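Work out the full structure, taking the sequences as your base and the hints as a guide.
So the sequence lines, in the order shown, correspond to chains C and A. Per my numbering, residue 2 is the first one in the first sequence, and the count goes up by one each step. Per my numbering, residue 262 is the first one in the second sequence, and the count goes up by one each step.
Keep in mind that the hints were calculated from the coordinates and are not lab data. Every value quoted in this text rests on a predicted model; they were computed, and no experiment measured them. Hints may contain errors.
Not everything, but these chain A residues come out facing chain C in the computed CB check (under 10 angstroms) [stated by the list, open to error]:
#: 1; residue: Arg286
#: 2; residue: Phe503
#: 3; residue: Leu505
#: 4; residue: Gln540
#: 5; residue: Met547
Using 25 angstroms as the maximum straight-line C-alpha spacing, the simulated DSS-like pairs for lysine-lysine come out as follows [said to hold, decoys possible]:
#: 6; chain 1: A; residue 1: Lys499; chain 2: A; residue 2: Lys433
#: 7; chain 1: A; residue 1: Lys495; chain 2: C; residue 2: Lys109
#: 8; chain 1: A; residue 1: Lys433; chain 2: A; residue 2: Lys495
#: 9; chain 1: A; residue 1: Lys295; chain 2: A; residue 2: Lys383
#: 10; chain 1: C; residue 1: Lys109; chain 2: A; residue 2: Lys499
#: 11; chain 1: A; residue 1: Lys296; chain 2: A; residue 2: Lys397
Positions of the beta carbon are idealized from the N, C-alpha and C atoms, including for glycine.
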Amino acid sequence: MQNIRMLQQQVNSLITQARQDIYSISATSDPTAKQVKLQRIWDALTSIQFLNDLLAAHAASSIAPANDRPPMNTMPAGQPISPTAANPAVAVPNQTFTIQDLANYDGKNGRPAYVAVSGVVYDVTNNRAWAAATHFGLVSGRDYTQEFASCHAGQQSILATLPVVGRLI
Amino acid sequence: MENYILPPEPLTNEAIAARLTAGARNGIANGSVKKKNLVYLELNGCSGNIISLLNGANPDFEYMIGSMVNLVYSNSLMAAEGEKAIERLMNALDEDYILAVEGAVSLRDNGLYNIIGTWKGKPLTGLEAAKMLGEKASHILAVGACATHGGVSAARPNPSQSVGLQDVLPDKNMIKLPGCPVHPDWFLGTLAHILLYGDPDTDNLGRPLMFYSTLIHDRCPRRPFFDRGIFAEKLGDKTCLFKLGCRGPVTRTDCPTRQWNGHVNWPIGDDTPCIGCAQFGFPDAMAPFISYDTTRVVKDE
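Shown next as structure tokens:
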């Protein structure tokens, strides 16, 4: 019951946010700001759709609690889990890795996916560009200082978004 | 005041297409838009793009060859054959034309791995044709993954030494429409834009922004699952396909909203991961297309 209440609150706050965004789009003439707001409205709508599905699953399970329960019902509803929280392997930030250690973190069979750039080891397990622990033909568990410099020179902001797990020695 | 379209302006694909078609018709009628010649050259590829194009709607292919352009040459679709066909290709050089190329250019043995016809008793290679026609075209469209960057034809080990069109025409401006195959709307829409308004705005890789500006991931209907860390464990699961190797997070196209086969469905809508076919480097850089032994959390950990 508590969950349903929280879902409803989430939907309501998303709707409020979308209303506010629609209002500010109508007031602004800056195309970039418009684009950002439109993106957020889109995201809000997909979230609303998702929460609506959850509510429907709730409703269905309260009527027929027996078998055909949708699998999404088992997740902790209402609380957005950050993708990193799904990964149980929590590493100490001042951990050190040799290149052989690093090779173990290849993202296979439930292991986390780490890569090193300029001596720093980053966690890319749930990074959006590292689906299946691979990125444009590169596999995780290796040092990619050269590759990073050749493709993303000067784009330190990419690294700044990644969780640091340790240093490469 | 008379020509304003007041909101709510219909934004369905049909309504937008109807407005564009009416615009083009009026333009042709009052002489401001000219029908141009189109040469559609198929080089080293699988002809998938022209087949995809035949599936186009709003406008359809018939409308394209009848009302938008004069299709003067197409390996697959023209009635003429043999030297007669190549003669039409050579005659096209005398006039203004738009060149659309699908397929990669094979460099091995001077292009002999890809012969598109014979001219005056000699084989005409794809390499020669691409260079000759590319030099004189008013606009060049590289259609599909093979033409834009080599694609499947240039995948390892690449026995025919195939390259993308830009590699043999390094100094020419071209519009690149990656995709395997290209969506008919991406090709027909770009062609219509050229006829009506000139070259469309492109990104630094030559892709028209109107089709290739957003990541699939940012428009994916399964995005809330990714944000909450709920991942599919097998094909057919309705949750986020990221852990199976979905390339939506690196691929820039409008598949989630445009959809395929006459706007019916798209890969993720049918529970398979995006394989990144519209991203430069496909297929080698996008492999593996599916992966089962990946970072998903196992129970006994």
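Right, here's what the structure says about each hint:
With a cut of 10 angstroms, the hint placing Arg286(A) at the interface with chain C is violated, because the nearest CB-to-CB distance is about 30 angstroms. A distance limit of 10 angstroms between C-beta atoms decides the matter here; for Phe503(A) the minimum to chain C is near 5 angstroms, and the interface restraint holds. Below 10 angstroms, beta-carbon pairs count as interface contacts, and Leu505(A) has one with chain C at about 7 angstroms; its hint therefore holds. The criterion of a C-beta within 10 angstroms of any C-beta in chain C is met by Gln540(A), whose closest approach is roughly 8 angstroms, and the hint holds.
About 8 angstroms separates the beta-carbon of Met547(A) from the nearest beta-carbon of chain C, less than 10 angstroms, and the hint is met. As the CA atoms of Lys499(A) and Lys433(A) are separated by approximately 45 angstroms, the hinted pair breaks the 25 angstroms bound. With a C-alpha separation of about 15 angstroms, the suggested pairing of Lys495(A) with Lys109(C) holds against the 25 angstroms cut-off. Between the alpha carbons of Lys433(A) and Lys495(A) the distance comes to roughly 45 angstroms, so the proposed pair goes past 25 angstroms and is violated.
For the suggested pair Lys295(A) and Lys383(A), the alpha carbons sit about 35 angstroms apart, so the restraint of at most 25 angstroms is broken. Between Lys109(C) and Lys499(A) the alpha-carbon distance is near 22 angstroms, which keeps this suggested pair within the 25 angstroms criterion. At roughly 18 angstroms between alpha-carbon atoms, Lys296(A) and Lys397(A) fall within 25 angstroms of each other, so this suggested pair holds.
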